[in-house]
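Visitor: Sequence:
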Amino acid sequence: MSGACKSPECINSLAGMERFNFPHGVLCLPVSLCRCRKVSYPRDLPQISLIFIFVNEALSVILRSVHSAVNHTPAHLLKEIILVDDNSDDEQLKGPLEEYVNKRYPGLVKIVRNQKREGLIRARIEGWKVATAEVTGFFDAHVEFTAEPVLARIKEDHKRIILPSIDNIKHDTFEVERYENSGHGYNWELWCMYINPPKQWWDEGDMSAPIRTPAMIGCSFVANRDYFGELGLLDSGMDVYGGENIELGIRVWLCGGSMEVLPCSRVAHIARMKKPYHSNIAFHTRRNALRVAEVWMDEYKSNVYLAWNIPMENHGIDYGDISQRVALRKSLQCKSFQWYLDNVYPEMRRYNNTLFYGEIRNSKVSHLCMDQGMKENHTATLHPCHGWGPQLGRFTKEGQLFLGPLGSTGEDTRCVVDDQISSFPQLLNCDKVTNVKQKTWHFTQNESIINRATGRCLEVVPANVYFGHLLVLQPCSGQRWTIKNTMKQ
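Quick note: the sequence shown uses this note's numbering, first residue 113, plus one each step.
Hints listed in this document are in silico derivations from the structure and should not be mistaken for laboratory results.
Among the clues, some could well be false.
Capping the alpha-carbon separation at 20 Å, the derived lysine to aspartate or glutamate pairs in EDC-like fashion look like this [what the hints assert, rightly or not]:
| hint | residue 1 | residue 2 |
| --- | --- | --- |
| 1 | LYS442 | GLU459 |
| 2 | LYS476 | GLU559 |
| 3 | LYS150 | GLU316 |
| 4 | LYS191 | GLU260 |
| 5 | LYS282 | GLU292 |
| 6 | LYS596 | ASP543 |
| 7 | LYS509 | GLU411 |
| 8 | LYS311 | GLU459 |
| 9 | LYS150 | GLU246 |
| 10 | LYS271 | GLU260 |
| 11 | LYS311 | GLU342 |
| 12 | LYS191 | GLU230 |
| 13 | LYS150 | GLU406 |
| 14 | LYS206 | GLU230 |
| 15 | LYS191 | GLU210 |
| 16 | LYS447 | GLU425 |
| 17 | LYS271 | ASP430 |
| 18 | LYS311 | ASP454 |
| 19 | LYS222 | GLU211 |
| 20 | LYS544 | ASP531 |
| 21 | LYS215 | GLU230 |
| 22 | LYS447 | GLU342 |
| 23 | LYS271 | GLU342 |
| 24 | LYS413 | ASP430 |
Ranges of calculated distance between the beta carbons of each label pair, as one might list FRET restraints [to be verified]:
| hint | residue 1 | residue 2 | range |
| --- | --- | --- | --- |
| 25 | TYR153 | ASP543 | 39 to 49 Å |
| 26 | VAL182 | ASP410 | 39 to 49 Å |
| 27 | ILE393 | ASP318 | 29 to 39 Å |
| 28 | GLN450 | TYR291 | 50 to 60 Å |
| 29 | GLU510 | VAL224 | 49 to 59 Å |
| 30 | GLU459 | ILE223 | 37 to 47 Å |
| 31 | ASP543 | LEU171 | 23 to 33 Å |
| 32 | SER589 | PRO496 | 16 to 26 Å |
| 33 | PRO574 | ASN168 | 13 to 23 Å |
| 34 | GLN227 | ASN489 | 53 to 63 Å |
| 35 | ARG564 | GLY432 | 39 to 49 Å |
| 36 | GLY580 | ILE533 | 34 to 44 Å |
| 37 | ASN576 | ASN168 | 36 to 46 Å |
| 38 | VAL224 | GLY499 | 39 to 49 Å |
For every residue, glycine included, the Cβ atom is placed at its ideal position computed from N, Cα and C.
Kindly generate the complete structure, drawing on both the sequences and the hints.
Guide: Given below as C-alpha cells:
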C-alpha cells in the first residue's frame, strides 16, 4: 500500500475504490481522494437517468457500463439507464443485448434505437427525450461513473452543468490510468484540451474542490433535465460530434449558468482504437465550429476562420440554418462573447489584430508556401503548399508576420525576424525579440515583404535543395507576395 495513504478514512476509501476496479497505487496518491471520501451526502438527492450512447461498441463493454452504473449508484438515486443505439450493425447489440438487460434488469434499462445514424450529438438528444429523472447524465458507452458528488452540486444549483474528472482505461488491459485534476479548454479550431485549473482554485488549496471550467472535453456531463431543455439542449444542427462540447460550455456561461469539473466524481474512459463514426471528423468539427462562431462569438468569430484557414466570405462550407440558435441566444438574454473571454476564459489568446492570414506565396514559385519547417532549426523555409498549421501565416496591424498554428492559452506561432546577421529569416518567439524593427515588416498584398530594420526583402532563389528554391533575406528585387485571406474588419 502506498505510503501516502495511512489515515483510516483513506484506507477505508480504498475498499470503495476497489468496486470500480481502480488500482490502489493510482488513486491513493492524491490527497483530494481522501478528502472526497470524508464528504457525506444527503440521502434526498435528485434521481438521475444515465444515458449511454453506443455505435458498434463491444457488448461486453456496454454491459460493463450497465453493471457499474447499477452496482455503484444507490438504488434510490438511479431512476433508469437509457441505452441509445445509433444504428449499430453488430447483431450482438440487438436481440442478445435486449434479452440480457430485460432479464437482468427488468424495467430499469431502456433501449432507444435510431433508424439511421444520427451522430453523437443528435443521439444524446434522443436519449434526453425519453429520460424521466430530474437529472440526466450523458456518457459514452465505455465509461464508469460516481453519482452522489454530482447530484449534490446540482441540487445546490440546478443551473450547474457538472463534468466528472476523467481518467483513462487502457483499451487492451483495462488498467486505469489516473489523470491530474484539470479544467477543460479549447483552441480556436474548437478542439478540446485539458488546461490548468484557474489560479483561484490553486490559491484555495483544496484539491477536492470543484474546478470552474470554460468548456468540456465531451465524453460525459450531467445536467438538470429541465434546465438543459430550457438552455437549448445540444445544437441538433451540428453533425456527428466535435464542437458541441465547446458550444455548450460557452452557452451555459453566457446564458446564466455555470460549468465545473468535479474531482470527487471520476469517470474512467476507454479510448477506442477504432472510432465508431465514419469519415474525417475534422470535416464535421470545422463545419460545427463555424456554427458556434456565427451564433456565439460576435467579433471574435474571425479567430475561428483564421484558425481553420477559411476565408470569411465565399468559403463554400454549408454550416446550415442557424436562425433558431440565434433566436435562442436572444430569448435567453445571453451576455456577449467579450464577457466570456474576460470573465471565464481570460487565458484564451486573441488574434483580432490580424490583417491577412493563410498560405504565403511568392509569385515566382506559387506552388511553394512559406513554412515553419523543422522547429529546432528556427528558420522559415519553403514547402509545397498544403494549407495546414505549419503554413498558417498571419500578418498583423503592427507589421508582424507569424507562422504556425494558433495557440490557445499559449503561443504556438513564432514570428519571422531579420536578425541583421543571417541570410535566412529566423523564426523566434516574438516576445523575446527586443528590437521591434527586426520583427516588423512593410507589406501589402501582391507587393514585397520588406524588413523595417534592414530594408532587406524576403525572397526566393533557385538552389540545389529538395524543392528547388530557398527562402532568403536579400536586397529587394521586386518579388511579390500574397497571403491567401484578408480579414474582414
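Visitor: Now, for every hint given, state plainly whether the structure supports it.
Guide: Hints versus structure:
Under the criterion of a C-alpha separation no larger than 20 Å, the hint pairing LYS442 with GLU459 is inconsistent with the structure, at around 27 Å. The hinted pair formed by LYS476 and GLU559 meets the criterion: a straight-line CA distance of about 12 Å does not exceed 20 Å. The straight-line distance between the Cα atoms of LYS150 and GLU316 is roughly 18 Å, inside the 20 Å bound, and the hint therefore holds. Of the pairs offered as hints, the one joining LYS191 and GLU260 holds, with about 14 Å between alpha carbons and a cut-off of 20 Å not exceeded.
Straight-line distance between C-alpha atoms of LYS282 and GLU292 comes to about 16 Å, which keeps the hinted pair within the 20 Å bound. Among the hinted pairs, LYS596 with ASP543 is inconsistent with the structure: their alpha-carbon atoms are about 26 Å apart, more than 20 Å. At roughly 16 Å between alpha-carbon atoms, LYS509 and GLU411 fall within 20 Å of each other, so this suggested pair holds. Restraint check for LYS311 and GLU459: satisfied, since their Cα atoms lie roughly 11 Å apart, inside the 20 Å limit.
Our distance criterion of 20 Å between C-alpha atoms is broken by LYS150 and GLU246, whose separation comes to about 26 Å. Between LYS271 and GLU260 the alpha-carbon distance is near 17 Å, which keeps this suggested pair within the 20 Å criterion. Restraint check for LYS311 and GLU342: not satisfied, since their Cα atoms lie roughly 32 Å apart, outside the 20 Å limit. Pair hint LYS191 plus GLU230 does not hold up; C-alpha atoms about 26 Å apart against a cutoff of 20 Å.
For the hint linking LYS150 to GLU406, the alpha-carbon distance of about 46 Å lies beyond 20 Å, and the restraint is violated. Of the pairs offered as hints, the one joining LYS206 and GLU230 holds, with about 18 Å between alpha carbons and a cut-off of 20 Å not exceeded. Between LYS191 and GLU210 the alpha-carbon distance is near 19 Å, which keeps this suggested pair within the 20 Å criterion. With a C-alpha separation of about 26 Å, the suggested pairing of LYS447 with GLU425 is violated against the 20 Å cut-off.
The straight-line distance between the Cα atoms of LYS271 and ASP430 is roughly 33 Å, outside the 20 Å bound, and the hint therefore fails. Of the supplied pair hints, the one linking LYS311 and ASP454 holds, its CA atoms being roughly 15 Å apart against a limit of 20 Å. With a C-alpha separation of about 12 Å, the suggested pair LYS222 and GLU211 falls inside the 20 Å cut-off, and the hint holds. For the proposed pair LYS544 and ASP531, the alpha carbon gap of about 12 Å is at most 20 Å, so the pair holds.
With a CA separation close to 29 Å, the supplied pair LYS215 and GLU230 exceeds the 20 Å bound. The hinted pair formed by LYS447 and GLU342 meets the criterion: a straight-line CA distance of about 16 Å does not exceed 20 Å. Restraint check: the Cα-Cα separation between LYS271 and GLU342 comes to about 10 Å, which is no more than 20 Å; the hinted pair holds. Taking the CA atoms of LYS413 and ASP430, the gap is near 16 Å; set against the 20 Å cutoff, the hint holds.
Between TYR153 and ASP543 the CB atoms are about 47 Å apart, so this pair conforms to the stated range of 39 to 49 Å. Roughly 45 Å separates the CB atoms of VAL182 and ASP410, a value that falls within the hinted 39 to 49 Å. Checking the proposed 29 to 39 Å range against ILE393 and ASP318 shows it holds: the Cβ atoms sit about 37 Å from each other. In this structure, GLN450 and TYR291 break the distance hint of 50 to 60 Å, their C-beta atoms being roughly 32 Å apart.
Checked against the hint of 49 to 59 Å, the pair GLU510 and VAL224 passes, with Cβ atoms roughly 54 Å apart. Separated by about 42 Å at the C-beta atoms, GLU459 and ILE223 satisfy the suggested range of 37 to 47 Å. Judged by the Cβ atoms, the range 23 to 33 Å given for ASP543 and LEU171 is violated: they are separated by roughly 54 Å. Range check, SER589 to PRO496: about 23 Å between beta-carbon atoms, so the 16 to 26 Å window is met.
Range check, PRO574 to ASN168: about 54 Å between beta-carbon atoms, so the 13 to 23 Å window is missed. Under the hint 53 to 63 Å, the C-beta atoms of GLN227 and ASN489, about 55 Å apart, fit the expected range. A C-beta distance of roughly 45 Å is found between ARG564 and GLY432, which places it inside the suggested range of 39 to 49 Å. As the Cβ distance of GLY580 to ILE533 is approximately 26 Å, the hint placing it in 34 to 44 Å is violated.
Against the hinted window of 36 to 46 Å, the Cβ-Cβ separation of ASN576 and ASN168 comes to about 52 Å, which falls outside the hint. Between VAL224 and GLY499 the CB atoms are about 41 Å apart, so this pair conforms to the stated range of 39 to 49 Å.
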